[in-house]
Structure formats: C-alpha cells, structure tokens
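Novice: Below, each chain spelled out in residue letters.
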Amino acid sequence: MQSTSRRGKAPGAVRASILGLTRTLSIPALAVLTALLIGALIMLLSGGNPLVGYVALFEGAFGKARSLSETAVAATPYVFAGLGIALGFRGGLFNIGVEGQLFIGSICAAGVGYAVHGLPWFIHMPLALLAGCLGGAICAGIPGFLKAKTGAHEVITTIMINYMAIYFTNWLVTGPMQDPGTIVPQTRRILATAEIPAIWGAYRVHWGTVLAIAAAALVFWLLWRTVLGFEIRTVGANPDAAKYAGIHVGRNIVITMMLSGALAGAAGAVEVLGLNHYFAPSFSIGYGFDSIAVAVLGKSHPWGVVASAFLFGALNNGANLMQLRTQSPVYIISIVQALILMLVSADQIVRRLYRLKDLPKGNLATPAVATSESALGTGKEAKS
Amino acid sequence: MVALALQVKGITKRYPGVIANHEVDFDLRKGEIHVLLGENGAGKTTLMNIIYGLSMPDEGECYLDGELIQITDPNLAISRGIGMVHQHFMLVPTLTVVENIILGVESLRPRTAFLRQLSLLDLASATKRIESLSKQYGLEVDPAAYVRDLPVGAQQRVEIVKALYREADILILDEPTAVLTPQEADDLFQVMRALVQPRGDKHGKSIIFITHKLKEVLAVADRITVLRGGRVVGSTMPSATTENELAAMMVGREVVLTVPKGPARPQEPVLEVQDLKVLDDRHLVAVDGVSLEVRKGEILGVAGVQGNGQRELVESLTGLRKPVGGHVRILGQETTLASPRRITELGTAHIPEDRQKHGLVLSDPVKDNLVLNTYYRPPFAHRAVIAREQVADNAARLVREFDIRTPSIETATSNLSGGNQQKTIVAREFSRPIQLLIAAQPTRGLDVGSIEFIHGQLVKRRDDGCAVLLVSAELDEIMALADRIAVMYKGKIVSVMPAEEATREKLGLLMAGVS
Ligand SMILES: Nc1ncnc2c1ncn2[C@@H]1O[C@H](COP(=O)(O)OP(=O)(O)OP(=O)(O)O)[C@@H](O)[C@H]1O
Ligand SMILES: [Mg+2]
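So the sequence lines, in the order shown, correspond to chains L and X. Just so you know, we're using our numbering here: the first sequence kicks off at 1 and counts up by one. Just so you know, we're using our numbering here: the second sequence kicks off at 1001 and counts up by one.
So that you can see chain X by itself, here it is in the shape it has in the complex (with noise of 0.2 Å):
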C-alpha cells in the first residue's frame, strides 16, 4: 500500500456548453512524478485548478493525506502544501521577482513572523533565499529584476521559485516547458527528480506534470494518466509505452510525428533584412545587425536559446518595434518604418510570441479575435460598419477547420483551453492570402495533433509560394520544418546553413555561443 499524496474522486465540472471534467479519477503518490496527458481542451487545466482550490467541482471529492477536504480557495491549498505553476503566468508585471515571489506568502507564517515580514530587512531575506532556491535548483533568477522586463522563459523560472519558496510538499507544473529551451527543460527535470528524491525519512514531494511532448513524458514520468473529452481514458507506466502508443492514446487515432515534407524550391525572396539594429524595453540593443533573406517557397529556421533578440527581432518585421538602424523590405518595399496594418496589407501573417499578449484580446469572443486584423475590410466590413453574418460564417469555418474546441463562437477566448488560444491564433493568420508568414513558437502548448496539422499548414504553405520565417525555440521544430537555418546568439546571426548540414549538436553548440 503505498501513501497517497492527493486522490480525487469523480469529478465533474461542467462549463456551459461543455462538460470539461466528467467523473475524474485520480490519485497522485507520495514522491512521484505524474504526468498528465491529453489534447488540448481534454481538461487538464480544469483538473488543476479544482485541486488549487480555483475552481469548484460541481461533484466529486478530494482527499489530501487521505483525509476528506474542500480546497475551496487558493490559500487553503498553499497552506496545506499544494503549489502551482499557471500555464499562463500568474506574475505582477510591474513587481519585482523577490516582491511577485514573497506576494501573498507572509499569511503562511505566525504573527511575529509576519511581523517581521514587514520590515525592510526582511526583503533582503528573502532575495537571499530566493537566490540559494535558485542556486540550489539552477533556477537562474535575477530578484530585482522587474518582471515585465522578463522573457517568457525566465517567467516561468520565476513561477517555479515562487512555488518552492512557499514550501509546496505537491507541486503542480501546468506545462512548464512549453516555453523552456530543451537545454532548460532538461535542467527542470533534474530539478524535478531532486524535489522528488526523500530526504532521511520523510517523502519527497509530488508533482503533477502537464506537457505535450512525449519525449519528455518517457523521460522523467512515473506514472501517465491520460484525459480525452474530460473522462480519463487511461493509466500506464512509460517502461510499459511508447511516444506513438500514447499519441494514439490521447487522439484517439494514430498520429504521425515526422513531418511529411518534399524539398523546397525557393524563389526571388520576399523578406529582405539588412543589417537591421532593435532595441529592447530597457533600451539595449537586442538585434545587433541581423541582415537576412527569406525567400518565396522556403522555410527559414531562426533557432536559438529565448532572449537572444527573437522577439525584438520579429516585433520590428512586423511593425510592433521600431528599428534604430537598417532597413527591412517585403516584396522589394521599405518596410523598415511602416506601421502593423500596412506590413499585413502586403500579405504578412504574425503568429506572436505571446498569445495572449498580442494575440488575442481574452475577454472578446472567439468570432472576434478570428477576425482581429481584418475587421475594417470586405467581406468583414462594409462602410465602416461591421458585417456581422460574414464574422460568424468565418468563424465558423475556421472553428471547424482549425478544429478550436469551444462551446460556441460567442465564447469569450479566456474560457478556451490553452493550445485552442493557440489555434484560433493560427487560424486568423492562416485564412486570408498571404506572400510571407512570421511565425514566432507557433505550436507553443499545442498538442501532437494539433501539431501535426499546424506542421503540415505550414509544409503547404511553404508549397503554395509563401515565404516562412519560423522562430522557435524548439530544436525538433526547427529541424523537422526548416529548409535553412539560422542560429541567433546575443542579438546576432551567427549561421545559416542549409537544413541538411545541420545536426542537433552543431545547432546546440551555436546556440550556446561556441563557433
């Protein structure tokens, strides 16, 4: 009989319109790692937040230590040891890291305590022990840094820490890695199998993992439990399974994980970049001279570890950021200086780096974001007013298309799973004509099927003439899609080749600076 963390018993939440929990079994062992798998919308999330205590269940039961327990709010479950990392970022943007980490935490602690929580000298503290949890882990953190100034990836180490530091005995990491380079990832998993580990006689801590990428699963998993459509179709162990079996699993249908792809035939180029010079928020350069060429029919890999000025890179192609120096051309027009609207006029599609951020506006409904971009033109448009039928009918075509799992096109987009955020992204930007295409970790959190077809929209893309320039901090992305590549290290290209020279290794090492 081995000890019980946590055990939930049947489940259900109902959202309206869809059943998003529907009598859930599951149990999590004390000093394991379980891994929870499924596609996006499956319920994942939904089964998190009720265990956080951020949501109720609308019936079943929730044991911790065995013992019978309504997690009603968030507190509750942080005071009985239960942490979370969001899928999407909890964190203060205008708070430091050592003020987002110590927010909330101090109504852990008795009164004198908190007392002393007050005072000036506890901040100093606190950064001391945030920097040895960092130390300790390799969770490289910088606590004075604000953490609006922060790349997406080092969020998420934030939120790890933040968790840590508030002595989680379960730690709930709601895809993680969706934003961390392979060689970070790897560090967390380390991590992971520390925090797991017992120490002299008592329990390591359990942790409850959700990701999309199956390698990883068979890496650090002791136990999978697989949701579909909100039930739990399965459990099993990864010695007993394989990367396709469990693809199989989640989908319901086989799934293949290699892109099917011919060679390209690349044209005159459409994206023409010279010795272009970005500044980031705090005013250091973050592109330094990157001069490149994408070209009609191929598919150009920017590889490279987050925060080398990728996304200043892309933020100034796309007319977010405005360059200091260089030029950039689309289809042999300046386009250096133009504003977002007139660079999408000339037929670019931008899937942003953060979806929710520039993506997506969370509180309208789905119809709405379909449209974001091209709202004030025919069909969608007529003399300045809204065509409200052709919004819904193109919305509804993509809904289908894309396969966006939501109750209804009138749903507000925050109520939609992560990876269908994602896919209404990538449906706008792939439903009107388009000459180039810039897209920034466009499968980020999105499932192997979902993956699978946004893999082969991007193939076809390619086919049809369209010119892709693929940022991604996934080295397998990179590899499978690109027909060159280019490797960004400290705000510079230092190498493009073309994809069949390229090798894991060689890419890692570039990454990393070493030439």
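Chain L with its partners taken away, still in its complex shape (with noise of 0.2 Å):
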C-alpha cells in the first residue's frame, strides 16, 4: 500500500495535497464563520437586527462599483503589511514593528516624492516607492541585527522600535518636513510624477493594490523557489538543523527581518503614494497591528494573507454601512475581527465545536507562538 511517487505527481501525492488544502482551509473558514454568528448575537443583543446588518455590511464592501473599489483600497495595506509578518513568520520572527515599519516607509516615501524634482514618472514613482521600502528595511534591521548579535528578542527590540519610529516621524512633520503652507503636521503633497496612478476611472483604487497582489506573488515565489527562501524557511521551521546545514543564522534572521521590513514599508509607501499623496501621522488606522491578524489568519501563506487582507478590507469599508441600516456601532466588526483572529489562534476551540478530528495539529495555525518560541533559540545560536 506504501506507494513512493516519481515527481511527487502519483494520484496519491495529489489526492494528500488536496486533502491538506481542504484541512488548512477548514479551520480559518470556521473561524470566520464563527466569529460572525459570534457578532450576529452581539447586534441581536445590542438591538440591532443581525440579517439587515450582514446584508448591509456585503452591501457596504461589494454592492457597488465604488464600494469594490474602496474594499480594494482598505484591503491594500493589510496586503503588504500581512504579507512582511507573514515572511518574519516564516522565518521565525515575529515582527510587531510592522507599524513602525510603515510609518517610517510612508515618510521616506512622501519625502523622496516632494522633495526630488525632474524626474519622469517612471523613475520618479519606483524611486519613491523604493526609498520607502528601503525605510522600513532598516528600520527592521536594526532589531534584527541585535537579535542576531546578542539574543535580543525581536518582539522586545521591535516594541521599541515602533514607538521611536512613530514619533520620529511626529517629530519630522512638526519640524523640518512639516508643509509650510499650513499649521497642520503633514508633509507637502508629492509631486504629480511620484503618484502612483488610479487604475479605474474617478474611483480611488489605484495600481497600488495591483502591485500587493504582484508582491503576494513575489513572496511566494521567493519562499518557495528559490535559495535565499529554503533558507528562510529552515532557519524558521528548525535553526539547529539549519546551522547543521550550512545556513549562516545570523545573517539570515537580519535578511529576512529586512524583507519584512521592506514589505511593511511599501505598505506605508502606496497608501501615500497612491491614495493620500502626503503624509500625516493619522494616515494609519493600526494597520501594522491588524495585520498580525491577517498573516495568523492566512497562515503566514502569501495567498492566504491576500485572502484574509481582503476579508479584513471588506469588513472594515462594510461596516459604516451596517452602522447606517441598523445603527449597531462599527465597532461590532472588530469584535468580529478580534474573535477571528482568536478562533484561529486557539484553533483547539474551532476542533471542538465542530467536532474536528486528527486534522494537522498546531504549527502554523499559531505561528506566533510556536515561531517566536524557537527564534528564542536562534538568537542565541547565532551568538556562538
């Protein structure tokens, strides 16, 4: 009965693999199916009529042109930032300076977009958008070199980082980059040839969301087939085995915190490149937070981060509808999210009540716990 497959391409190779996607499907779509019902009976409770509020809700993320267009937009940075914890995850770190990440990538990016003139656009707007990536990168750099210098852990290094970063960047708009045609703290607005364009006529989508999915692809592609991503991974899934095999640990927990950096600062970049098109400190709604919920709840996959970026987007543009219709506060959608990401955490509680057995255990349902554990290990490996 132990057949062994060339290719990996035997029916019964095929048959596992969509039997494992069913499984690591499972649980997220419970969980999300939960935490509704879950917010169904706080609008119920809170007197609203939870069926004229999910209806709404859909209305407010899909109903129209203009309202798939702003699910598009809210959903872009949660693709980006999803997509840079999700590559920390994968390689054993838990980045929670994704925030700060973002804001020092979005004021790189504004500055690089007022401040250089005479560009065309196509060097201009990549130029912006880099710096930007660049920003973020060693801003996530720098936990990841004490961590690989010293055993500092990056949740603690990151923490920190994030609130230098944030008034940092508080400081800069105050100061030296404030607009100094207003009292306001924002910078100037970037110009034209640093825009990133509107994809779709006066709607406020713009190719920004086009270049996330682009990305989610990127990171796929690079986790997966190429060498700097087997590293990642190894170094991730077991640093023992990948000091064993060769793999330089230090330096590769500075890379991947860098890319994560990177990708959290282009979240920070296209939303003022593309939508806002200068900075200010309100621009961020917690993003850098909320996407440790999408990442966990697209279990630190690229596709799965666009999926659960674009969930996360929907319920946040649907939700001031719902609060119109039924006058249940917006509020109730991040309970809804809070639940999600915690169903899909401790995803012991979605096994039990729907009676879920022998699916795969654990892992990487909750990465950060399992992955921050072992990079605890890994910085000290990398200190020898």
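Don't take every hint at face value.
Said to hold, decoys possible - Stretches of chain X that chain L covers, calculated by requiring three or more beta carbons in the stretch to come under 8 Å of a beta carbon on chain L:
#1 1193-1204
#2 1347-1361
#3 1380-1392
Because the hints were derived from the structure by calculation, they are not lab data. Bear in mind the structure is a predicted one, so any value in this text is a computation, not a measurement. For every residue, glycine included, the Cβ atom is placed at its ideal position computed from N, Cα and C.
Need the complex rebuilt from these two chains, each delivered in its own frame; the hints are there to steer you.
Specialist: Dropping the structure here:
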C-alpha cells in the first residue's frame, strides 16, 4: 500500500495535497463563520437586526463599483503589511514592528515624492516606493541585527522601535518636513510624477493594489522557489538543522527582518503615493497591528494573506453601511476581527466546536507562539 | 483463562496514502512483557498511539480489563493506568526534570491533594518520590537538572520515571533501548522484570515493549507479536524461535545479521585531530585534549558510554560547536573554526546523533530534507533559484535506493516513522561524493533489514576510499564495523586498539573507566 512517487505527482500525492488543502482551509473558514455568528449575537443583544446588518455589510463592501473600489483600497495596506509579518513568521521571527516600519516607509516615500524634482514618472514613482521599502527595511534590520548579535528578542526590540519610529515621524512633520503652507502636522503634497495612478476612472482604487498582489506572488516565489527562501524557511522551522545545513543563521535573521520591514515600508509608501499623496501621522488606523491578524488568518501563506487582507478590507469598508442601517456600532466589526484572530490562534476551540478529528495540529495555525519560541533559541545560536 | 489487561480487535488506521494498521488484533496479559516487533514503518507506533489515545482508529475496538472503552485522549489513558514512553521524547526542554515529571499529573488527584500539590512543599516531596523511584529501579536521574542539558540517554530515563510516577499499570515502551547503552539496557530489563512481578495478591504491571534489537527480544519477552505492512503476521514465544527466524518474519526474507567485510587498506590520514578541547552547553570541559586520526579507507570506531564527550567531539568536528583549544584538519586543511558549510564542502558527511534536532526539518517534505545541505548548488539550484525538478528526481531516486517508506516525496517528514526519518538522513549524507564520513549512532532505531543495508553501505564507502569515524553506543556495531577502536571516557580517548585485539570485556572495562 505504500507507494513512492516520481516527482510527487502520483495519484496518492495529489489526493493527499487536495486533502491537505481542504484541511488547512477548514479552520480559518470555520473561524470566520463562528466569529460572524457571535457578531450576529452581539448585534441582536445591542438591538440591531443581524440579517439586515450583514446584508448591509455585504452591500457596503461589494454592492457597487465604488464599494468594490473602496474594499480594494482598504485591503491594499493589509496585503503588504500582512506579507511582511507572514514572511517573518516563516523565518521564525515575530516582527511586531510593522506599524513603525510602515510610518518610516511612508515618510521616506513622501520625502522622495515631494523633494526630488525633474524626474520622469517611471523613475520618480519607483524611486519613492523604493525609498519607502528601504526605510522599512532599515527600521526592521536594526532589531534583526540586535537579535543576531546579542540574542535580544525581536518582540521586545521591535515594540520599542515602534515608539521611536512613530514619534520620530511625528517630530519630522512638525519640524523639518512640515508643509510650510499649513499648521497641520503633515508633509507637502508629493509631485504628480511620484504618484501611483488610479486604475479605474474616478474611483480611488489605484495600481498599488495590483502591486500588492504582485508582491504576494513575489513572496511566494521567494519562499518556495529560491535558495534564500529555502534558507528562511529552514531557519524558521528548525534553527539547529539550519546551522547543520550550513546556513548562517544570524545573517539570515537580519535578511528576513529587512525583507519583512521592506514589505511593511511598502504598505506605508503605497498609501502615500497611491492614496493620500502626502504623509500625516494619522494615516494609519493600526494597519501594522491588524496585519498580525491578517497574517495569522492567512496561515502565513502569501495567497492566504491576500484573501484575509481582502476580508479585513471588506469588513472595515462595509461596516459603515451596516452602522447606518442598523445603528449597530462599527465596533462590532472590530469584535468580529478580534474573534477571528482568537479562533484561528486557539484553533482547539474550532476543532472541539465542529468535532474536527485528526486535523494537522497547531503548527502554522499559531505561528506567533510557535515561531517566537524557536526564534528565542535562534538568537542564542547566532551568537556563538 | 489468563486475565487480559488490554485487548484490541480489528484496528484499522489510514493516513493519506498509507494504511498504517490493517485489522490488527493484539492483546496484553496481566503481568507479561509483550514485545512488538516489525520493520520501520510497520505500524507499531501507530498502534501504540491509538491505545494511548493520541490518535483515533478508523475501525476497531479496545478493551481494558475486559471493558469496551473508547480512549479519546491521553488523559483518559493515563487515568486508566496506561503510561507511554514515546520513541521521540515528549519532554519540555526548558523545564527541570521534576517539573517535567509532575506536569499534568495533578489532575489525577482528588481536589484537596490537587491544592496541596500547588504548594511549594510539594515540589520537594515530588523530588523525594522521584529520587526514591529512581533508586528503587536504578534509573539515575537528577531531579533538579534542566532537561535541555541532558543527553538523550538521561532524557529517556526521565520519560520512564515519569510513567512510573503516574502509577501506570500498563506501560508502553516505544524503542526505549535505542538510546541506551548495553549496560543501561540490561538495567532497564531488570526494572521491567521487577515491574511485572506480582505483588501480594495483585498482578504485576504489564508491559508492551517495542525494540529492533533481537537479542533483547529473546532476553525479556514473554510473548512476541510481529507486524509487517500494518498487519499482524504472527505471534510466538522466545523459547520457540531464534534471532534469524524473527528477522525473517519481520522483513519477509532472510537477513544476514553479521556484516561481511574484508580487511581495511588504510592510506593517508583524512581527519587529524590534535589536542582538541571542547566545552559543553554548561561550559564544562566535555572533550579534554583528544587526539586522533582517521585514514582513508578505514573505519575508526569511537566506543563509550553516552555523555562522555562524544556528542561535543562530533559537533566540533562538524563545525556545530567551536572548540576552545587544539586543532582539526580535514584533508590537510585547517578546519578548527570552520563553518559547517565549509566542512561539508570539503567532502564531509555527517549523520548527527539527534536526528530530529539537527538532522531534519520535520515540518518540511521529505524531498527538501534530502537536499538539506546541498540545496544551494547545482544541480539543485541555478542562480539562486531552486531547481525543483532536480530536487524531486533526487528524492525519488533516494527513496527508491534507500527504501524510505513514505507515501510520497511531498509528505512532511514528521509523518514518517522513526526509522524512516533516520533513513532519510542516511540517504542524504550518502548521496554525494564524500571523503570523510562522521556518523553518530547511524543505525539508531532502524530495523534489522535496514541495519544490514546501512552497515553494508558503510563498509562499501570505506572500500571506496572514504575515511569513516563511527561513534556508537552500540558495542556490537562498533565491533562489527570498526577497523580500529578508540574508547572515550570522561572526555579523553583512553585507548586505541586494532579491532582484532578488542573484546567485549576489555572495551566494557575501558568504557567504565577501569584501565
Ligand atoms: N501522522 C501521520 N500522518 C501520515 N502518515 C503517518 C502518520 N503517522 C504514521 N504514518 C505512517 O504510518 C506508517 C506506520 O508508521 P509507524 O510510526 O507506526 O511505524 P513504526 O512501526 O513505529 O516504525 P519505526 O520502527 O520506524 O518507528 C508509516 O508509513 C508512516 O509513514
Ligand atoms: Mg515507531
């Protein structure tokens, strides 16, 4: 009964992988469903009609061309930032500093966007985007370096750098980089040559959304098709085996952090270049932190991240119409999002609830705990 | 009519692409030692996991003390007096031995005792109980030590004490002797014998014992059941069978239990070690001025009781641990402080002692593990991109050549049986041209058929001009394979002798520090 297969394409392997796919998808899907049901209950208790509410939510997210466009706009930063966190998870790192990297990324992009003159758009715009990525990468590279050299845990250092990054950008826009034409803390408007153009007539959806999906493809390719990706995943899954395999664990940690930070930086940059066209500290509604949930729900898989980013975007976007029609506060959606995160992380709840047996246990469903554990060891390894 | 402690009927368990157990009937009498034998991947661990409630059978029933019962999780199994020592340890490395042993045991006790358990004093009394258990059965453990600091052999003892601490009536031991020295194994057998003795009017404990070592089977078994390909192929008594017969029953063909091997033709030295000094994880001297030489075309066996510095020696030779003094040269090149990558590229292969820690990325598919240290260079990568076709072809070839039992090359390595995980490492390390092979416990957990194959391969490598450093706690293995034997004791090489001059007694004394 034991068949070995050439190129893994034997019927057994295909069946196994399809089975595997439905298994990996079942927990997130059931978690979302459960969270929505609990959300409905809360709506009911607070006097709203959940049916009306959810219909409004759906309409608000997908009902018209405009709402579709807005859902895409809302999802875009989640895709980039979620990819950054997912990449870190794969490499055994818990990059909580995405919010700070996002701020640095967007102010770098804004700076290049308004201060550099005389470039054609096909150079200026990519340059500004690149500046954003670079800013994020450096901002994340520092905790990576500290971990590789001293074993300092990245959760601590990235949280600290978050504050530094956010206050630093706050200072910049009230001082050296403030728009001289206003007293509001924000930068000048970027030049037209730095803008990421809209895709679809008068709607706000811009090419940044397409870039985000391209980034997901790139991350997928990087992780599963390249030598570097093999190394990142190996360090993430088993740092001891990585060392045995000849991988320079410390250097790999720095690279992974920088890539993760670059994606976070891109999230901020795209918001500036494609949507707001200037930087103001109020631009982020906590993208960096919500993206942790996005990455966890997406099981740290690039396509999973895209799907869950769009789900989060749709929920955020549809919430307004829901509030309008049912008087249920938009915060119900935050509760639903929190419930999703909780149910995906503590997947035993879902397993018990739906009596799922023998599904693959934990592992990547709760990367935060699993990987930060192993990453703790990595730091020490890297030191010696 | 003998009283049955446990009986399972018609157990079937399917995994994607494999039937791990097929209509298995098995029973355990009160007070007996029942040995379960079978090839790697035969389904032994699967059956035990079902009995222990770690996985649910697709079909079949389980009776405890004659009562039909569904064991849905290990807590239920424990509360019904089933204890299991797993093939791969289930200890928490960052906790101490006491903490590991009492972990989860509180729920067994009545509420008041549970509260008492929480008090600080109870850790002390737990320690006392562990100490008395370990004295009573000769299982030496240090309750205050952190598990992460313990060598595998000691971790195994902790697992056994842990099960005894929980007052198990049925004890499942999944390959406990794979990591024990012969002396330790003999001690364990005494423990097992003591456990199954009836006490007063009570039956003794019942033990299911899994091992691949046929000598042990004949020495301790009351009854033997053999599995092959997930089915029971037969049951027998030790008095009615022989090692050869058991081997044939397991593998389904005749197995040559001794290694055919011609005389060595040693040439120039490949590995030269001079005055090497290495510290262990606790910064104590583990390797204390070791000098040795392995020549092209010979097998140098390093014998010794585990924990005498062999692990640190191997890790420093392979670049995983930096020595604090001395020199290592491979093929004339200084490699004392070289990285693992550089040492691999010089033509070194390394079969690590702890397969799950260093040797494998368990969550990755078999095919990736088969290129774990060659993934970055042709033919497996071109310009930083992995050549997936080549990786898959390589895997398909090695799986066939080394008879790795896996449903597919995409299967996560964690789903392979213990022996097949080991074969994955051996296949990888043997799959490239090598000048030096450093093998630590290369056949740990392998069935007789696979041992035969790998021993043959080791000798073939030697004859092809490879230098082989074989570190093994298995005296039989060392004596069967080595051309020269070095004995390691307390971090030093206390003696090196040609294999012809070695006897079990002589080595045994040297290993115990008597010179
Ligand atoms: N969780 C799992 N998922 C998929 N397949 C599995 C799983 N566990 C075991 N198997 C498969 O079931 C078969 C039996 O495995 P099992 O671990 O019971 O073997 P074993 O007899 O204990 O072998 P060994 O002597 O090597 O330890 C193997 O082919 C293995 O690949
Ligand atoms: Mg097994």
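Novice: Please flag the earlier hints that this structure goes against, numbers listed from lowest up.
Specialist: 1
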